[in-house]
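With these hints in hand, go ahead and build the complete structure from the sequences.
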Amino acid sequence: KAGVTQTPRYLIKTRGQQVTLSCSPISGHRSVSWYQQTPGQGLQFLFEYFSETQRNKGNFPGRFSGRQFSNSRSEMNVSTLELGDSALYLCASSGGLHLGGEQYFGPGTRLTVT
Amino acid sequence: ELKVEQNPLFLSMQEGKNYTIYCNYSTTSDRLYWYRQDPGKSLESLFVLLSNGAVKQEGRLMASLDTKARLSTLHITAAVHDLSATYFCAEIPNNAGNMLTFGGGTRLMVKP
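Those sequence lines, one after another, are chains W and X. Residues 514 to 627 in this note's numbering are what the first sequence lists, from first letter to last. Residues 492 to 603 in this note's numbering are what the second sequence lists, from first letter to last.
Rather than coming from a laboratory, the hints here were simulated on the basis of the structure. Hints are not guaranteed to be accurate.
[What the hints assert, rightly or not] Chain W regions said to be covered by chain X (calculated; three or more residues, Cβ under 8 Å):
| id | stretch |
| --- | --- |
| 1 | 546–557 |
| 2 | 563–571 |
| 3 | 615–622 |
[Claimed, not checked] Capping the alpha-carbon separation at 25 Å, the derived lysine-lysine pairs in DSS-like fashion look like this:
| id | chain 1 | residue 1 | chain 2 | residue 2 |
| --- | --- | --- | --- | --- |
| 4 | X | K602 | X | K508 |
| 5 | X | K532 | X | K602 |
| 6 | W | K570 | X | K494 |
| 7 | X | K532 | W | K526 |
| 8 | X | K559 | X | K494 |
| 9 | X | K547 | X | K559 |
Just so it is clear, the structure is predicted and the values come from calculations on it, not from any experiment. In this text, a Cβ means the ideal position worked out from N, Cα and C, and glycines have one as well.
What follows is the structure in structure tokens.
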């Protein structure tokens, strides 16, 4: 069974630009969550999508947005990039409690904003 | 405010020794997760604890959950160098979908 995939793996952008990150969950999983990891703030929840609907949202500005497609693939977008957006962005795929409640993480996208 | 606190934040230990990492959380929850992260890598799932009193073991690691005390522990038995990594606990509050709230992590260094 293929794991969670994220593209691209590395990205360098300049301030003011926008970026789109992609996440493909494990086949059959309908929930995709996004997290930001930085040395200063640790791991922080961005949002969760389930069956194309945003189910939960973390405490991030509106520059951070996401969506989920009918095949459960998800994208997150960050507009007007700031230096502080440099981070490892992780997505997690879940099949639900009936499948044991596991949350599987992808390899991450490392974003550097210069 | 959701809060997950781990201690210690840093742990240096000799091979062969035992130690416990503690994870306290602030909300009503019966889903507790433990992850391992190696430098520059993603999160590897170690344990999912879904009920009060749950205990799971894998190799030298054993995790337990006490929902009444809002406490989970990760016990390391006879540590080996390969266990060196950062360990995170995370909880999902009731009725919060799959929204994980993470602790700050425990950086474990096992000296040969």
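Quick rundown of the hints versus the structure:
no.	hint	verdict
1	546–557	holds (count 5)
2	563–571	holds (count 4)
3	615–622	holds (count 7)
4	K602(X) with K508(X)	holds, 10 Å
5	K532(X) with K602(X)	holds, 21 Å
6	K570(W) with K494(X)	holds, 16 Å
7	K532(X) with K526(W)	holds, 21 Å
8	K559(X) with K494(X)	holds, 16 Å
9	K547(X) with K559(X)	holds, 18 Å
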